[in-house]
Amino acid sequence: MDAAAALPVPVDWHSEAMQRRRRARYAADRRLQIYGMVAVAFALGFLAILVGTLIVSGYKAFVQTVASVELDLSRADIDRANLMEANWRGIVRDGLRAQLGETELSRAEERDYFNVFTSSAPYIVRDRAIADPRLLDGPATFAIPLSDPLDQLAKGEIDRDLPQDRRRVNDAQIGFYDQLAARGLISQPFNWGLFTSNDSRFPELAGLKGAISGSFWALLVCFLISFPVGIAAAIYLEEFAPKNRVTDLIEININNLAAVPSVVFGLLGLAVFLGWFGLPRSAPLVGGMVLSLMTLPTIIIVTRAALKSVPSAIREAAFGIGASKHETIFHHSLPLAMPTILTGTIIGLAQALGETAPLLLIGMNAFITSDPGGLFEASTALPTQIYIWADSPERGFVARTSAAILVLLGFLVVMNTAAILLRHRFERRW
Amino acid sequence: MVGWTFLLLLTAVLVVAIAGAARARRLTAPAGEKVHSRPIYHGLNVAVWTGIPAFVFLLLWLLGQNTVIHQLVLASFPGAELMTSAERSLLISEIRQTAQGSLFREPTPAIVAAADHLRSLQALAGQAMVAVAAALATVGAFLGFRAMRPTFRARHSVERSVTWFMMFSSLVAILTTLGIVLSLLYESWQFFRLVPPQEFLFGLRWEPQIALRADQVAGQGAFGAIPVLWGTAVVAACAMIVAVPVGILSAIYLTEYADERFRAVVKPMLEVLAGIPTVVYGFFAVLTVAPLVRTFGQFVGIDAAPNSALAAGGVMGVMLIPFVSSLSDDAFAAVPRAMRDGSFALGATKGETIRKVLLPAALPGIVGGILLALSRAIGETMIVVMAAGLIAKMTLNPFESVTTVTVQIVTLLIGDTEFDNPKTLAAFALGLLLFGITLGLNLIALRTVRKYREKY
Chain C
-5 MDAAAALPVP
5 VDWHSEAMQR
15 RRRARYAADR
25 RLQIYGMVAV
35 AFALGFLAIL
45 VGTLIVSGYK
55 AFVQTVASVE
65 LDLSRADIDR
75 ANLMEANWRG
85 IVRDGLRAQL
95 GETELSRAEE
105 RDYFNVFTSS
115 APYIVRDRAI
125 ADPRLLDGPA
135 TFAIPLSDPL
145 DQLAKGEIDR
155 DLPQDRRRVN
165 DAQIGFYDQL
175 AARGLISQPF
185 NWGLFTSNDS
195 RFPELAGLKG
205 AISGSFWALL
215 VCFLISFPVG
225 IAAAIYLEEF
235 APKNRVTDLI
245 EININNLAAV
255 PSVVFGLLGL
265 AVFLGWFGLP
275 RSAPLVGGMV
285 LSLMTLPTII
295 IVTRAALKSV
305 PSAIREAAFG
315 IGASKHETIF
325 HHSLPLAMPT
335 ILTGTIIGLA
345 QALGETAPLL
355 LIGMNAFITS
365 DPGGLFEAST
375 ALPTQIYIWA
385 DSPERGFVAR
395 TSAAILVLLG
405 FLVVMNTAAI
415 LLRHRFERRW
Chain D
320 MVGWTFLLLL
330 TAVLVVAIAG
340 AARARRLTAP
350 AGEKVHSRPI
360 YHGLNVAVWT
370 GIPAFVFLLL
380 WLLGQNTVIH
390 QLVLASFPGA
400 ELMTSAERSL
410 LISEIRQTAQ
420 GSLFREPTPA
430 IVAAADHLRS
440 LQALAGQAMV
450 AVAAALATVG
460 AFLGFRAMRP
470 TFRARHSVER
480 SVTWFMMFSS
490 LVAILTTLGI
500 VLSLLYESWQ
510 FFRLVPPQEF
520 LFGLRWEPQI
530 ALRADQVAGQ
540 GAFGAIPVLW
550 GTAVVAACAM
560 IVAVPVGILS
570 AIYLTEYADE
580 RFRAVVKPML
590 EVLAGIPTVV
600 YGFFAVLTVA
610 PLVRTFGQFV
620 GIDAAPNSAL
630 AAGGVMGVML
640 IPFVSSLSDD
650 AFAAVPRAMR
660 DGSFALGATK
670 GETIRKVLLP
680 AALPGIVGGI
690 LLALSRAIGE
700 TMIVVMAAGL
710 IAKMTLNPFE
720 SVTTVTVQIV
730 TLLIGDTEFD
740 NPKTLAAFAL
750 GLLLFGITLG
760 LNLIALRTVR
770 KYREKY
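From first to last, the protein sequence lines stand for chains C and D. For the first sequence, the residue numbers in my numbering are -5 to 424. For the second sequence, the residue numbers in my numbering are 320 to 775.
Chain C with its partners taken away, still in its complex shape:
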C-alpha cells in the first residue's frame, strides 16, 4: 500500500491538457523552422533584387544610340597635309545641318539641334578620317553617338509626357530626334565603346578600357608578388620552421592580417609606398603592391592547408630513395598541392580585384582619359571606376555604373568558375 502511494500518478497522455501542450510544442518547432526559411528567403531575395536591379538598370548601357550621318568630306575645305588642324567643328556642323534638308533654323534652334549629338562629334569624325584617309574622297557614313539626354530618351528613361521644364530634353530636341528617327538614321548597336574607350566627362563616350587595363596591371603585380612569397612563406612555416615564439608570432600575425580592415592597408600604402619610398601616385604598381599584402595571408593559409593534406607516405617514400628535404617538397609535395593552391590563389585574386578602399587612398580614383601604358603610369581600376561613375551626377552614368558593375561581376564569376573547375578537375582525395 505504501509502495502504491509512492508511485507517481500515471500521466494521461491523451488528456486534453497534454494534447494542447503537445500541439503548442510542435507549433513552436514549426515556428522556428519558418523563421529559418524566412531568413534564408530574405538573404536570397536580397541577392536576387541586387542582381536584378543591376541588370535592369545596366543592360541599357550595353547599347548606345547613334545617328548614322552621311558627310561628304571631299567637298569640305581640308588641308590633307595637316588633318589635325582642319576646322572639324565647322565641317561636322555643316554636315549635321544638311541632314535636316532645307529647314532654316534660328540660333536657339540650332543650338538645341547640335546638342542632340555628342559634343565630341568633331573629334570622332577627325579621328576616323585620320585613321582612314580614303574617307576624304567622297561621301561616307559616320556613326555619331547622341548626347546623354537623347540617349536616355531613346532608351525610354525620359518620359515624353512630362512638362518640358521637368525633363532634360526640350520639345525641340524631341522633334529633331523624331525627325532623324523617321528617316531611319537612328540605331542602337552594341556599345563596343564601353570596352574600347577610356573615361570621359560625357557618359555617352565613357568606357572602361583604362580601368580594365589598370586592374589587369595591378592584379599582375599582386600575383607576381603574393604567389611566390606566399608559397615560400607557407612552405617555411609548414615544413621548416622550428616551433618557437618567433614562428608563433608569425602565425598570429598572418591570421590577424587577414582580418585587418582594407582601408588600413590603404593607409600603409599611402604612408610607406608613396610617402617614404616616393613611388608614383595612382600607379598600378603601388595598387598591386598594396593588394598583394592583402592577398598574402589568403595564399599562405591555403598553401599550408594544401601541404598538410599531402599524405606523409609520399614524403617518406621520397626520403626513402634519398631525396633531400628540398627535393621532397619541390618535386613531390608542392606539385601535388598545387591545384588547391591555385584554386585559393584565384579566389584571393578575385577578392583583390573587387577591393576598392585601399586603391582610393593611393589615388587610383583620378580622372584619367588615357589607358596606362605601364606599371608606373597613373590609372584607375575597375572598382574605383565604378566609384567615380557612381559619384557623377549625369543620368547616363547610372546605367554606365551598373554596366561596369556587371562587367566586374562577370570577371569575378569567370575567375571563381575557373577556381571551382580547377578544384573538381585536379583535386585529389587521399
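Hints may be right or wrong, so weigh each one.
Straight-line alpha carbon distances no greater than 27 Å define the calculated BS3-like cross-link-like pairs of lysine-lysine that follow [said to hold, decoys possible]:
hint : chain 1 : residue 1 : chain 2 : residue 2
1    : D       : Lys675    : D       : Lys770
2    : D       : Lys770    : C       : Lys237
3    : D       : Lys586    : D       : Lys669
4    : C       : Lys302    : C       : Lys319
5    : D       : Lys586    : C       : Lys319
6    : D       : Lys770    : C       : Lys302
7    : D       : Lys712    : D       : Lys586
8    : C       : Lys237    : C       : Lys149
9    : C       : Lys203    : C       : Lys149
From the structure, some residues in chain D lie toward chain C, with a derived Cβ separation under 7 Å [as the list claims (entries may be wrong)]:
hint : residue
10   : Leu382
11   : Thr427
12   : Ser489
13   : Ile499
14   : Leu589
Since the hints were derived computationally from the structure, they do not count as laboratory data. Here the structure is a predicted model, which means the values were calculated and not measured. Positions of the beta carbon are idealized from the N, C-alpha and C atoms, including for glycine.
Guided by the hints, dock chain D onto chain C, whose structure is given.
Leaving out everything else, chain D in the frame of chain C:
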C-alpha cells in the same frame, strides 16, 4: 627603362643557368669520386649568384632613388633651406611637373633650372643603376662559374638560398604588421603634436574642414573623435541587427531542417553575398535601398535623410549574413552528436533541442563569430563612403545621416595629400583608432572561439 633592366637581368639569369648546366655536364670527377650535384644545380647556383645581388640592388636603388634625387635638387635650390616641409613638397612637385612638361603655367627661371638639374640627375641615376647592376651580375656570374668544381656541393648551396628566401618571405607578414603599426604611430604622433590627444579622444566636435592655405575661408576645425565613433557604432548596430538574426536563423535552418540537396544549392548562393565587392553594395545602397528607406520613413511619418544610417547599415548587414551564418554553422557542427541525441531521447522536439541544447552549447562560438562580424562592420569602408553621410552627428536615430571612422579616413585623404596639416594626419590617427579597435575585437573573438573549442 626599369622594366627593360629587369627583363635584361632575367634573360641574363636564364642564359647563365643554361650555360652553367651545360658546362657542369662536362665536368669529370677525379678518380674514385663522383660529381656531387647534378648539372641543373650547378646551373641554378650560377644563376643565383648572377641574379640575386643585382636584383636586390635594383630594388633598393629604386626605393631610394627618388628621395635622394629630390633632396639633391632641393639642396641646390636657392632658398629651399628656409622652407617648411609643405612648401618643399609643393616645390618638388612643381619641379617634377616642369621636368615632365606637364606644368600648365609658365615656370620661373629658378624652377626651370631645377627641373633641368632634376632631369640630368635622373638620367645619371638611370645610367648608374644599369651600370652597377650589370657589374654586380657579371661579378656574380664570374664567381659562380669559378666555384664550379666536381666536388662542389651546388645542391646544398642552392637549397640554402631557397631556405633564406623562404625565411624572408615568412617575415613579410611581420614586416607588414610592423609597417602598419609604425606608419600609423608615426603619423598619429605628428598629429598629436598639433592636436592634443585628450582633445582627439574625448572631444565632442568633429569639424576637420580647416583651411589648407592662408587665403581660404574655412572653419576653425575641431578634432574630437567621439561623434565619429558614435556614428560608426550606430551604423554597425544597424548592420548587426540585420546580420545576426538572419545569419543565425539561416544557419539553424540549413544545418538542422533543410535536406541535403537544398543545402547544397542554397549554401553556395549565400556565400555569393560575401563575394560581391563592397563597392557594388555601396552603389546598390544609394540606388535602391536609400530611396526605399526614405519612402518607408515618409510612410511611418519620420523624415529620413537621403543618406540614412539605416540604409548603409542594413546593406552592410546583408553583406555580413554569410559570415555570421558560416561561423554559426561551424559552432553548431562542433557540438557533439551525443548531446543532440540525448535531447531527442528525452522526447524533445527538434526546435526544443536547438533552443535548449544546441544554442547554449554553441553560444561561445556564435558570440565569437558575431564579434568578428562586428569588427568587419566597423572596418567596412566602401558601403559607408557611398551611402552614409559626411557630417558627424551624435544621434541614435537610424533615419538620420551619420558619419563613420572609415568615411572620414577616405574623405580626408582623397585628392592631393600633404603630410603636414592636421586634416591629413587626423586620418592616420583615426586609422590607428580603427586598427586598435578591430584588432582588439579580433583577438577577443579568436580567444572566445578557441577557448570554447577545447571544451568538448
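Tell me, which hint numbers fail for this structure?
Those not satisfied are hints 5, 7, 8 and 11.
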